[in-house]
Structure formats: C-alpha cells, structure tokens
Amino acid sequence: MEQIQILQHRDDTASRIGMWLFIFTEIFLFAGLFLVFIVYRFKYLDGFHLAAKELNVTIGTINSIILLFSGMTMGFSFVAVQKGNNKFALALLILTVLLGIIFLVNKYFEWRIKFQHGLYPGSSELIALSKGDVMFFGLYFFMTGLHALHLIAGLVFIIVVIGAIIRKRITPEKLALHENCSLYWHLVDLVWIFLFPLFYLIN
Amino acid sequence: MNNNYISYLEYQGKHKGILGWILSTDHKRIALLYLYTIMSFFLVGAILGLLMKIELIAPGPTIMGPQTYNALFTLHGITMIFLVVIPGIPAVFGNFFLPIMIGAKDVAFPRLNLLSWWLYVAGALIALTSQFLGDGPPDTGWTFYAPYSLKVPTNVISAVFGAFVLGFSSILTGINFITTIHRMRAPGMKWMKMPLFPWSLYATGWIQILATPIIGITLLLIIAERVFKIGFFDPSLGGDPLLYQHLFWIYSHPAVYIMILPAMGVISEIIPTFARKTIFGYTAIVISSFAIAFVGYLVWGHHMFAAGMSAQALFFFSLLTFIVAIPSAIKVFNWVATLYKASIDMQTPLYWAISFIFVFMIGGLSGLFLGSIATDVYLTDTAFVVGHFHFIVFGGMGFAFMAAIHYWFPKIYGRMYDKSWANTGWFIFFLGYLSLYLPMFYLGMSGMPRRTYDYLPKYHGANIISSLGAIVMLFGLTIIIINLVRSARFGAKAETSPWGGSTLEWKVPSPPPLENFEEIPEITKGPYEYE
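Chain order of the listed sequences is A and B.
Numbering that gives the first Met the number 0 puts the first residue of the first sequence at 0, with every later residue one more than the last.
Numbering that gives the first Met the number 0 puts the first residue of the second sequence at 0, with every later residue one more than the last.
Derived from the structure by calculation, the hints contain no laboratory data.
Everything numeric in this text was worked out from a predicted model, so none of it was measured.
Glycine residues also receive a C-beta, built at the ideal position from the N, C-alpha and C atoms.
Heads up, none of these hints are tricks.
Derived CB-CB ranges, DEER-like: (1) B:Leu18 x A:Asn55: 47 to 57 Å; (2) B:Trp20 x A:Arg15: 27 to 37 Å; (3) A:Pro196 x B:Ala312: 27 to 37 Å; (4) A:Lys173 x B:Ile17: 31 to 41 Å; (5) A:Arg15 x B:Trp117: 19 to 29 Å; (6) B:Ile322 x A:Ala30: 23 to 33 Å; (7) A:Pro196 x B:Trp117: 34 to 44 Å; (8) B:Gly12 x A:Lys86: 33 to 43 Å; (9) B:Phe357 x A:Ala163: 54 to 64 Å.
Dumping the calculated EDC-like pairs for lysine to aspartate or glutamate here, alpha-carbon to alpha-carbon at most 20 Å: (10) B:Lys228 x A:Glu124; (11) A:Lys42 x B:Asp233; (12) A:Lys130 x B:Asp233; (13) B:Lys104 x A:Asp10; (14) A:Lys42 x B:Asp239; (15) B:Lys189 x B:Glu521; (16) B:Lys104 x A:Asp11; (17) A:Lys86 x A:Glu178; (18) A:Lys106 x A:Glu53; (19) A:Lys106 x A:Asp188; (20) A:Lys130 x B:Asp239.
Required output: the full structure, derived from the provided sequences and hints.
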C-alpha cells in the first residue's frame, strides 16, 4: 500500500481562539454561581451581612495580593521565554506555583477555622443559625471550593509548561502553550477578584 | 472515476483493527464512531418509548407499575436528549462534512475531537450506571427538578454526573467547530460563500459554548446538594426550587436550538440540491439562524408559566416566545420558495426533507398554543406538551437526521442504498409517526396528563391509535436500518456526485480519501450555483 504523508500542521491563532472560547465557558460556569449568589443575597440581606463578618478580611486580602502577584510572575515568565531567557522564565514559573500553593495553604487554614466553629454545610450548628447564614456558607464553600479546584488545575497546567520549557518544546517561535497557560492562570485570578469582594468586603 | 487513492475507510494507520477506529483522530472516522454509538442509544431510547406506549395501550397497569413507568420515561428522556438529540447531527454529520464543506483537511483540534467522543462514551456509561447502582433507577424525569431530585433515594447522582460529562463533550465539539470555521476555510471561501450547514453549526457552536456551562454548574449544584446538604434549592434550608428551574431552562431552552439549528442546516443543503436551484434567500437563512440562537436565549421562562412568576415576566417571556417563531418561519418560507418553479428530482432525502417541513410546522404552530399564557395554563403538563415536543424535537432533529443519512450515505460509504426500500421505509415511518403523535394533541386538549402510566377510560380510543402508531413507526425504522446496513456492505458503488450537489463534499471521491483533498480548492463562486 502506498504510504501517505501526513503533514503536521500547527496554527497558533487557532489554539489561541480555542483557549479563549474555553475561557468563555469557564466564565459562564461561574456566572451561574454569581447569579445564585445575587439572588440569595437579596433574599437574605441581613443574614449575608452578618455572616460575611465571620470571614477573615486579613487572610482574604493577603490571598488576593498573593494571587495578583502570581499573575505578574506568570506574565513576566512569558516575556522571559519570548526573549529566550529560559532560566529566568523557569524560576518565575516555579515562583508562580509556590504562590499558588501558599494561596491554597491559607485557604486551608481559613476553612479549618470555619469547620471548628461548625460553619459548614450540613452541620447541626449551622442549621440552627438563620437561613441567610446557611446559604452564605453554602455558597462560600461551594464557590471558593470550585475556585480552588480551578487553581489546582492551573497549577498542573503550569507544571506541564515547566516540563515543556525544559524539553525545549516551548521556544520563542512556539509559544502557544505558554500563552494559553497564562490565559488560564489569569482566569483563575479574575474569578478570585470577583469572589473576594462578594464574600469578604460587602458587609 | 479515479480509483487510485486510499479512502479513509481503508487507510491503515499505526493501529490496526478496532484500535484504528477508537484511537483515530480523523474527523471522518470519529464521525462514524459517533454514528454507531448514537444510533445504538437511539434504538435503546426508541424501545423504551415503545414499552411506554405499550403500557398506555389500555388503562390500568398493562405491562408495568407506576415506579417502572417513571423510571422508563426518565431514562427515555436522558437517553434521547443528552445522548441522541443534542450531539446527533453536529457530532455525526458536522464532524464528517464540516471540514470537507469548507475545504479543510480536518477540524482545528483533531485530538480534542477524539477526546470529545471518549467523554461522550464516558458520560453515557456513567449515566447508565444509575440504572444498576444505588437504590434503583432515577425517576425524576430528565429535568431533575428540585426539590424532588434532592430528596428521592434513587440514584440521581450518577445520572446527573453523566449529563455533566456529556455537557463537557458538547462544549469541546462547539469550540472545535467554531475554531475550524474561523481558521480553516479554503482560500476564497468568504463568510458569505460558506454553505448553510457549516453556518448552522457555527451558530450552534456558540450556543453550545455559552449555554452548556450553565447546566454544568446547575448539575454540580444538584450533586453538592445531595452530598453535602447545602440547601441551594431546598426550601427547608432557605433555598428556592424555582431558581433551579430558571437555571435549568437557561440552558435547556437554548439546547432545543442546539438540536434544531443543525437540522435546519441539513434541510438547507438538501433542498437546493434536489431543486437544482440556488437557495432562495441565503442571507435571510444565515441571519435567521443567529436570530434564533440569540432570541432563543431569552425565552426560557415559557417552561415555567405555571410554576410562578411575576406578571411582567410572564408577559415578556410570552412575547419573546412569539418573536422566536419568526426566524423559524422565515426559513420555512425560504425552503418553500426554493422549491417553487424548480426542476425537482424526487428522491429519498427530499421525501425526508419535505416531511421535515410538514412535521416541523405542526410542531411550531402547536408551540404557539403553549407560548400564549392563557392556553398554556390549561395545556401545561398534558399530553399536548408531549405531542408538541416530539413534533419539534423528534420531527425536527429526527427527520433531519434521517434526511442527512440518506443524503450523505453514498459519500460516507461510497455505496448507494436501495432507493425503493428507502422510500418504503420512509412512508411507513411517516405514517406511524403521525398516528403516534397526532392523537396526543387531542388527548392533551381533553385533559390527559403526561408522565402517568394510567388514564381514565375516556382516553382509551386515541391511546390505541397512538400506541399502534409507535409499532408501525418502529417497523418502518427497522426497514430503514436494515436497508442502510445492507447497502453499506453490498450496495452498488456510488459516483462522486450521485445527486448532482454543488457543495464541496460532492467534488471529492466517494468515500473521501484520508486527507479529503489532494489540493485545497480555490473557491470562486457561491455554494449553490447551478447553471
């Protein structure tokens, strides 16, 4: 049988379009949750005010700064790869991963305090409180939990990019993977930028 | 005819046998994988439907009790909606013909395309486990309405999670098609020179991307509700079950257009080919697709007229529901105008296409009864709704799917089917279809509720006609399937362009070679230009 030559075909614009479309879907995923949040916030205005005071604004602020800073290191690493400075890029990416992990550790302590106070869905102490509290903490755990899952997915993505840079699969001419990873990481950032004021600041 | 090429059916890649199919990233092979899986699920769903119709042939328990009946209509709904109708035309014919019709060698992300199929299979299997694991098959209906779906002990979680995974598969297909259409059109194929089937897939892709995540999150909320008892939709914890209905229909109404837009695209391909005439009002058809996609977002409330909404909301949802009927009507006028004074060649695909217009109009016009608030309050949750729904979804997508398989069959397999058996099958199927669903309008008008295994004796007569119709229709379906399966193996060799179609897929050999085109064609004229 005659051999068929299959040409490898690469289109960076296409992969960028694909990533943006995927990000649209992620935004709509969270949009559904924001809708739920708004509905219950207006239904239980007082309950949400009081419940929000239970959250620790300091840890929330620190976490926001950490994530914003990690967005910056991510962006710098992209520029570094563009300029061919792979070592610096790798250092920045590893820093990004560490910042992401610090965020998760902070989140863990925050959650643990809530659990110690019995403020988690299904606990008898929470159900004894007002319906506004039940809904607030339900949303709090679900939304920050889903955000944390996205953050973990982002970390895995960054580790894939680190591997690709080490194996020279990402070069100044071939940046699509790195660019898409940055886009995804900024999405994780962006979602948090909306979660933070909704849960911590409005009270 | 040039026989000196290797078709996608014969090509041996690095994997042999079945692996050469389930690991192939060729869009044509993936399309056939979808075809076989979707057809299998369609048969399962059809048999479940037949069992329900046999149950309804006489009042009282005939072959099953209420719990089994509830589980059956739930499984019938989940199978038909999530496994058959939503992926149906885009995943099978979109995958196969979108790249060929726009002059490309494959879709933009071939590996993602294969992943979509695997996710589809995984989602189907997860949904299927709900039948065997846990405390019995779910009985919530395919809509999983809260708070019932939160409280009932049956295995709702795996059905819901299966639907979530299937949504993921649908999103990835949408992303793939949109990117393909943006990036891979052949040189010279301007947007307004693109055939109408790719146009309909483009509009569908946007709905898939922008609506499916909402059902994704809603289904995740249902799972979280059941596992963690959060209370989003549980009134006893402060939640609002109506909010669930809103979130569910924000996706599931646009999903109706995910089903119907590609079907309309298929019909817009078939009619000019057999009319030997350029399509009437190309631009109007393109614009109406987007009008449907856009307005279709804003009408979800009409599923909830009887559930409780403010008077203003009722008014606007009803008004928008009437408005969304307009672009569909524009398409019908365009198809009919294309057939006017044409040199029509009556062949099997055109029989299907014309019967599509017929049943689609009955479905659309009966929808207006449900879209106006006063009549909806009377008709809601009756057999009328079931009749309307099946005329739109099964009459729309199902007939278009049949039209598409009979239209593109010679291209896909390189063989022609037996036309007289195909026409016989169509005729029996069509008669059975009408006798199955038309009585439901009468039954609903006279007050028979849907989703009930039993009914009052006064509804008996019409139910007999309906149940016999189901048997006749499945008999027709059997003829159609046997004819196609036999012809795929033993049919006469098909020419490159057996119907004289003018779009690009009729310029490549049947079956197409591995990479579709030896040289990417230059497009100079519109898609439907017949001299």
